[in-house]
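S.K.: Sequence:
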Amino acid sequence: MMGLFEGGLEVHPAGEVEAEDALAVDIHRRRLHVEWDSASPVTPLGQLVFFSQFLATGGLFSHWVERCPLRFSSPNAPTLANLLGTITLSVLAGQFRYAHIAGQFSD
Numbered sequence: 270m271m272g273l274f275e276g277g278l279e280v281h282p283a284g285e286v287e288a289e290d291a292l293a294v295d296i297h298r299r300r301l302h303v304e305w306d307s308a309s310p311v312t313p314l315g316q317l318v319f320f321s322q323f324l325a326t327g328g329l330f331s332h333w334v335e336r337c338p339l340r341f342s343s344p345n346a347p348t349l350a351n352l353l354g355t356i357t358l359s360v361l362a363g364q365f366r367y368a369h370i371a372g373q374f375s376d
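The C-terminal position of the sequence shown is numbered 376 in this note's numbering, with every residue numbered one higher than the one before it.
Hints were generated in silico from the structure; no laboratory data involved. Careful, some of the hints might be misleading.
Unchecked claim - Simulated DEER-style distance windows between Cβ atoms:
#1 352 <-> 326: 16 to 24 Å
#2 341 <-> 307: 40 to 48 Å
#3 343 <-> 302: 30 to 38 Å
#4 317 <-> 290: 19 to 27 Å
#5 327 <-> 292: 16 to 24 Å
#6 348 <-> 314: 19 to 27 Å
#7 341 <-> 303: 27 to 35 Å
Ideal Cβ placement from N, Cα and C applies to all residues, glycine included.
Could you build the full structure based on these sequences and the hints that come with them?
M.R.: This is the structure:
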């Protein structure tokens with residue numbers, strides 16, 4: 270049985286903590302709201318937002334973009350962040366989510 274502090278507060282409440290409706294995650298100067306599906310046994314790519322948060326918090330993604338040796342001269346060229354982000358997602362998500370990347374590898 271859990272004891273009480275001198276002030277009368279319970280040390281550990283009985284039962285489980287209520288799950289929040291959505292968890293706010295700040296990554297790459299944006300805020301995403303992550304919602305859990307407790308009925309689903311597995312969510313594909315469900316933890317991807319936390320991996321992105323890891324890359325952003327550690328400065329790893331921005332450091333990779335800064336050190337990327339690619340330079341484009343076309344005004345229609347994508348930004349390096351968009352290009353490297355798409356490549357990262359294609360590697361993590363596989364060929365079905367970003368099937369258009371397969372054309373780049375086969376070219």
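S.K.: Now, for every hint given, state plainly whether the structure supports it.
M.R.: Each hint, compared with the structure:
Hint check: residue 352 to residue 326, Cβ distance near 22 Å, so the stated range 16 to 24 Å holds. Checking the proposed 40 to 48 Å range against residue 341 and residue 307 shows it holds: the Cβ atoms sit about 45 Å from each other. Our hint of 30 to 38 Å for residue 343 and residue 302 holds, since their Cβ atoms are close to 35 Å apart. Distance hint check for residue 317 and residue 290: the Cβ-Cβ separation is about 20 Å, which falls inside the suggested range of 19 to 27 Å.
Checked against the hint of 16 to 24 Å, the C-beta distance between residue 327 and residue 292 comes to roughly 20 Å, which is consistent with it. Under the hint 19 to 27 Å, the C-beta atoms of residue 348 and residue 314, about 23 Å apart, fit the expected range. Checking the proposed 27 to 35 Å range against residue 341 and residue 303 shows it holds: the Cβ atoms sit about 33 Å from each other.
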